[in-house]
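S.K.: Let chain A serve as the given structure and place chain B with the ligand on it in line with the hints.
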Amino acid sequence: MSQRVGIIGFGQTYHRSRRDDVNGVELINEAVRAALEDAELTIDDIDAVVIGNMDHFEAVNYVDTWSVDGSGAWMKPLIKLTTGGTTGSTLGIAGYHHTASELFDVVLVIGWEKNSESDTTGAIITCSDPIFDRFSFSGALPGLAVEASTYMKRYGITEEDAALVTVRDREHGANNPYAQLQKPVTVEEVMQSPMLSWPVKLLDICPRSDGAAAVIFAGEQKAKKLSPRPAWVLSTAVRHSHSYFGDINYEEIHTMQEAVKELYKNVGIKEPLKELDVVELYQPYSFAGLKWIEAMGLCKPGESPRLLRDKVTHMDGELPFNPSGGVICTNCIGATGLLRIGEAALQVMGRAPGRQVPDVNLALSTGFGGAYWTDLMLLGSRPW
Amino acid sequence: MSVHLEENIFYDGRIRMPYKWAVGKTGSFFLTQLRDHARIWGSRCPDCEMVFMPPRKNCPRCLVTDTTWVELPPRGVLETFTVVHFNEPSLQPMKPPYIYGIVKLDGADTGLTHLVNEIEPDSLWPGMRMEAVFKKANQRRGEITDLLYFRPEGGARQ
Ligand SMILES: [Zn+2]
Chain A
1 MSQRVGIIGF GQTYHRSRRD DVNGVELINE AVRAALEDAE LTIDDIDAVV
51 IGNMDHFEAV NYVDTWSVDG SGAWMKPLIK LTTGGTTGST LGIAGYHHTA
101 SELFDVVLVI GWEKNSESDT TGAIITCSDP IFDRFSFSGA LPGLAVEAST
151 YMKRYGITEE DAALVTVRDR EHGANNPYAQ LQKPVTVEEV MQSPMLSWPV
201 KLLDICPRSD GAAAVIFAGE QKAKKLSPRP AWVLSTAVRH SHSYFGDINY
251 EEIHTMQEAV KELYKNVGIK EPLKELDVVE LYQPYSFAGL KWIEAMGLCK
301 PGESPRLLRD KVTHMDGELP FNPSGGVICT NCIGATGLLR IGEAALQVMG
351 RAPGRQVPDV NLALSTGFGG AYWTDLMLLG SRPW
Chain B
385 MSVHLEENIF YDGRIRMPYK WAVGKTGSFF LTQLRDHARI WGSRCPDCEM
435 VFMPPRKNCP RCLVTDTTWV ELPPRGVLET FTVVHFNEPS LQPMKPPYIY
485 GIVKLDGADT GLTHLVNEIE PDSLWPGMRM EAVFKKANQR RGEITDLLYF
535 RPEGGARQ
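Protein chains in written order, with our numbering: chain A, 1 to 384; chain B, 385 to 542.
The shape of chain A in the complex, shown without the other chains (with noise of 0.2 Å):
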């Protein structure tokens, strides 16, 4: 018992610092209202709901109950699902398998984060072990930072070549309308922002973002009957791996080594580089784009700055990176993995305007959180 699943539903909020005018129910509700109208459906077209966010961000831990009157579920089958930052991949996989394996046709996938409403360091260290861990590494920081630096003690990579990526990001952020930041910055900019903890400055790192992400997922046949174009979902693949942050092996993403490995091997891809048309990398902060790029095998370890050089990743580029601007310019926490499956998923349905890459056959989209996890996602033109 199982079905080919495809995305034929994509809506968003517009992401901003904060939402004053809506509570998060009420933000849900505009998601779930834009991704029933980009697929034309009803809410009961649905089948079941899925729905995620961060616990500890808005103080409300039965969210799939309380914000019923914002996602439609009311009688529906609804569940939530939280895994910290990977919460939206997880979200986006969850409804890929509650409709592959036949149970549900239509599955509509949410997640969520209103981050100002809670401080964000203070919310994320409730994740860590409360014992050994979270005096101490807690935060979205401190890990981040430390992989940094251990990776450019050994490749001499710069700061100045991790500011690129920010400036490739805030770039392509300013083609998206529904970003929060839209306002390109150079290097010099980057590298005067203020240091949070060394080499990590404030440039380098994603914002803090209010809004909320919707996509419809459907059966094979449903999607053929409801939509001209579904973006495919060829492949998943989920590593998730330490708890204590001193288990990590800061010089290597081993999570996305074999996560990739798994991926490419279900679909075939020898050269990652010339095979994939565009990638949603969800990329905390900037090293990640040089570092996480060479663990997807685009290069050797270390040659990432020369991609960046010479805007390989970039809009015009043989595999562009982020044209929604990516995690860099919004992060909207527990819709953050899920908004990488649904900007993949415009690119494979050509409905990406501003930001359109061409001719997309292959879309990769990924997660990450917690230790150094990672989820993927592959979406593709054609169902095999």
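Rather than coming from a laboratory, the hints here were simulated on the basis of the structure.
Any given hint could turn out to be false.
Label pairs and their in silico Cβ distance ranges [what the hints assert, rightly or not]:
id: 1; chain 1: B; residue 1: Gln476; chain 2: A; residue 2: Ser193; range: 47 to 55 Å
id: 2; chain 1: B; residue 1: Pro477; chain 2: A; residue 2: Gly354; range: 48 to 56 Å
id: 3; chain 1: B; residue 1: Val467; chain 2: A; residue 2: Ile79; range: 33 to 41 Å
id: 4; chain 1: B; residue 1: Leu475; chain 2: A; residue 2: Ile131; range: 49 to 57 Å
id: 5; chain 1: B; residue 1: Lys409; chain 2: A; residue 2: Glu160; range: 39 to 47 Å
Glycine is no exception: its CB is placed at the ideal position from the N, C-alpha and C atoms.
M.R.: Relative to chain A, chain B with the ligand alone:
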């Protein structure tokens, strides 16, 4: 793994997290009307015609957003209630025993959970007519507890 244990360690913790929830435009209208005028408003869905209290920006059933405001009277019917006897001083709104109830205001299709007072539990019954008692104008702060409690329509009952 075997050890000679001297003592079991326990670790006291407390999650100290400040929150600030945006009520949003719809809820803010409701709360400012309650604070400034002691008036209560619900929302009506143009499709299913249900009147929701508290008001919703979009109809939870139909998802349409062109809901309209309906002013509701400060009185209605007690749907159900319970008498609280257990003691949890750090969480409870008043000293037990006290009464929680659900009151459906006249013209609304959903009930409002609140406190019931000025009546002995033995004299209460579901279906009883109730009226709202508000805090004094200078004490109202734009919170649902600006409506202090419900009591039997017409005043205190023994
Ligand atoms: Zn309705």
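S.K.: Take the hints in turn and mark each one as holding or not.
M.R.: Here is how each hint holds up against the structure:
A hinted range of 47 to 55 Å for the beta carbons of glutamine 476/B and serine 193/A is consistent with their spacing of about 49 Å. Checked against the hint of 48 to 56 Å, the C-beta distance between proline 477/B and glycine 354/A comes to roughly 52 Å, which is consistent with it. Range check, valine 467/B to isoleucine 79/A: about 36 Å between beta-carbon atoms, so the 33 to 41 Å window is met. Separated by about 28 Å at the C-beta atoms, leucine 475/B and isoleucine 131/A break the suggested range of 49 to 57 Å.
With their beta carbons about 45 Å apart, lysine 409/B and glutamate 160/A fall inside the hinted range of 39 to 47 Å.
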